[in-house]
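Heads up: the sequence shown begins at 1 in the numbering used here, then just goes up one per residue.
Please note: incorrect hints may appear among the correct ones.
[Unchecked claim] Between beta-carbon pairs, the in silico distance windows are:
{"hint": "1", "residue 1": "Asp137", "residue 2": "Arg61", "range": "34 to 40 angstroms"}
{"hint": "2", "residue 1": "Ala116", "residue 2": "Arg61", "range": "20 to 26 angstroms"}
{"hint": "3", "residue 1": "Pro176", "residue 2": "Gly57", "range": "20 to 26 angstroms"}
{"hint": "4", "residue 1": "Thr81", "residue 2": "Trp135", "range": "22 to 28 angstroms"}
{"hint": "5", "residue 1": "Asp117", "residue 2": "Glu12", "range": "25 to 31 angstroms"}
{"hint": "6", "residue 1": "Ala97", "residue 2": "Ala14", "range": "16 to 22 angstroms"}
{"hint": "7", "residue 1": "Pro82", "residue 2": "Ala134", "range": "24 to 30 angstroms"}
{"hint": "8", "residue 1": "Pro85", "residue 2": "Gly173", "range": "25 to 31 angstroms"}
Calculated from the structure, these hints are not laboratory results. Even for Gly, the Cβ is constructed at its ideal location relative to N, Cα and C.
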Amino acid sequence: MLLETRLQAASEPARQDALKRRVLDALKHFDVASVGFYWPLAGEFDARTVIALWLAGSASREASLPIVVAPGTPLEFHAWTPDMPMKTGHHKIMEPASRRRIEPALLLIPCVGFDADGYRLGYGGGYYDRTLAAWPDQRRPITVGIAYEACRTQALQHEAHDIPLDLIVTEAGLYPARTR
Numbered sequence: 001m002l003l004e005t006r007l008q009a010a011s012e013p014a015r016q017d018a019l020k021r022r023v024l025d026a027l028k029h030f031d032v033a034s035v036g037f038y039w040p041l042a043g044e045f046d047a048r049t050v051i052a053l054w055l056a057g058s059a060s061r062e063a064s065l066p067i068v069v070a071p072g073t074p075l076e077f078h079a080w081t082p083d084m085p086m087k088t089g090h091h092k093i094m095e096p097a098s099r100r101r102i103e104p105a106l107l108l109i110p111c112v113g114f115d116a117d118g119y120r121l122g123y124g125g126g127y128y129d130r131t132l133a134a135w136p137d138q139r140r141p142i143t144v145g146i147a148y149e150a151c152r153t154q155a156l157q158h159e160a161h162d163i164p165l166d167l168i169v170t171e172a173g174l175y176p177a178r179t180r
């Protein structure tokens, strides 16, 4: 149901434009030097244009995409630029051909669904939960979920290992789950 709702929301240009502005505003607000984001799958917000604009704002900024090294292990983040060669990785998701690892200060994380407490529903593979749990608390990146307002739910059922996001950005607003 939420996947279908997200696909419908993603097909509306006005929502896309509003979400682009809000994601760029969030990046400006946190003012970090490195951002990890995701290669978009069907219905997910495509952040590549926003990241390219953000990168163009300063030569000292770096972006990275997740790499699945092996199932059941935390993600690695490898350097990405808009003109970088890409290759097909696990789950047929594109990843940078670069092998240069980056530890991002902020992660943009796709959401199938979310609640106002900062919990997200993904595809169920646990990649982001595993990755965030493996990061030492003092180095854990700021986590920003990217979602469509239509995919907000009252409360998601979550388990002890689920980690709420710091902020969720939609085309209609921001949902601060916690303050950092």
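Hints, verified against the model:
| no. | hint | verdict |
| --- | --- | --- |
| 1 | Asp137 - Arg61: 34 to 40 angstroms | violated (24 angstroms) |
| 2 | Ala116 - Arg61: 20 to 26 angstroms | violated (30 angstroms) |
| 3 | Pro176 - Gly57: 20 to 26 angstroms | holds (24 angstroms) |
| 4 | Thr81 - Trp135: 22 to 28 angstroms | holds (24 angstroms) |
| 5 | Asp117 - Glu12: 25 to 31 angstroms | holds (26 angstroms) |
| 6 | Ala97 - Ala14: 16 to 22 angstroms | violated (35 angstroms) |
| 7 | Pro82 - Ala134: 24 to 30 angstroms | holds (29 angstroms) |
| 8 | Pro85 - Gly173: 25 to 31 angstroms | violated (37 angstroms) |
When the structure is compared with the earlier hints, violations turn up for hints 1, 2, 6, 8 and for no others.
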